[in-house]
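Colleague: Produce the entire structure from the sequences given, and follow the hints as far as they go.
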Amino acid sequence: NAGVMQNPRHLVRRRGQEARLRCSPMKGHSHVYWYRQLPEEGLKFMVYLQKENIIDESGMPKERFSAEFPKEGPSILRIQQVVRGDSAAYFCASSPLSSGSYNEQFFGPGTRLTVL
Amino acid sequence: SQKIEQNSEALNIQEGKTATLTCNYTNYSPAYLQWYRQDPGRGPVFLLLIRENEKEKRKERLKVTFDTTLKQSLFHITASQPADSATYLCALDPNTGFQKLVFGTGTRLLVSP
Chain A
81 NAGVMQNPRH LVRRRGQEAR LRCSPMKGHS HVYWYRQLPE EGLKFMVYLQ KENIIDESGM
141 PKERFSAEFP KEGPSILRIQ QVVRGDSAAY FCASSPLSSG SYNEQFFGPG TRLTVL
Chain B
33 SQKIEQNSEA LNIQEGKTAT LTCNYTNYSP AYLQWYRQDP GRGPVFLLLI RENEKEKRKE
93 RLKVTFDTTL KQSLFHITAS QPADSATYLC ALDPNTGFQK LVFGTGTRLL VSP
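Taken in order, these protein sequences are the chains called A and B.
Just so you know, we're using the working numbering here: the first sequence kicks off at 81 and counts up by one.
Just so you know, we're using the working numbering here: the second sequence kicks off at 33 and counts up by one.
Calculated directly from the structure, the hints in this document are not laboratory data.
Treat the hints loosely; a few may be bogus.
Below, simulated DSSO-like cross-link-like pairs (lysine-lysine); rule was C-alpha separation at most 30 angstroms, straight line [said to hold, decoys possible]:
no.	chain 1	residue 1	chain 2	residue 2
1	B	Lys35	B	Lys95
2	B	Lys89	A	Lys124
3	B	Lys35	B	Lys103
4	B	Lys89	A	Lys107
5	B	Lys91	A	Lys124
6	A	Lys124	B	Lys35
7	A	Lys107	B	Lys91
8	B	Lys35	A	Lys142
9	B	Lys103	A	Lys107
10	A	Lys124	B	Lys103
Covered by chain B, per the in silico footprint, the following chain A stretches (three or more residues, Cβ under 8 angstroms) [as the list claims (entries may be wrong)]:
no.	stretch
11	95–107
12	147–157
Note that the Cβ used here is the ideal one computed from N, Cα and C, for glycine as well.
Modeller: Structure (structure tokens):
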């Protein structure tokens with residue numbers, strides 16, 4: 081059973097370009113979370129999605145950032161018109177369908193975004 | 033304001049000793065708390081989960097305690113090994129019902145032979 085997959089692992093963009101980060105959750109997992117980790121800072125929650133639904137986007141900047149988890153295919157985190165402050169590691173995590181119990185989250189290896 | 037704090041200074045210990053890491057939180061009432069390990073350039077890996085009604089949880093050489101009165105969790109690694117060197121993150125669910133996690137900044141553990 082493959083783990084959470086993210087691609088690309090490294091992404092370099094110039095200011096003003098778009099960054100598109102992909103996440104394939106573990107097989108059988110229907111919950112996807114995106115987190116951002118800035119250098120020397122902790123992981124910060126951005127958005128929580130289930131298939132075709134954004135459940136909680138309270139941690140995501142209102143402008144330039146969007147996320148989706150379509151019925152088919154990976155979850156996508158899109159950053160438009162990137163700025164230097166967007167440089168960070170972006171992690172995706174997935175968890176299985178909740179049965180009322182608390183679940184660990186399985187993290188991918190992350191995408192390291194560098195904005196020049 | 034709400035905070036989850038871990039000691040930002042690295043913890044250096046000798047192989048074979050017990051490492052104890054601290055996680056304190058303020059203005060949260062988490063139903064559970066989790067501990068993760070993160071190696072450089074990699075994603076966090078889940079280690080242990082402890083619920084609010086559990087005082088202690090063990091897994092092999094790992095032990096976690098959860099004191100909701102002190103608002104603190106302690107993470108212990110007994111008989112530490114150089115391979116245990118990593119950053120350890122505590123995380124809690126702020127009881128939103130969505131299981132989104134709030135993470136501490138992590139404590140780096142260095143175990144020397």
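Colleague: Which numbered conditions among the earlier hints are violated in the structure presented, ordered from lowest to highest?
Modeller: 9, 11, 12
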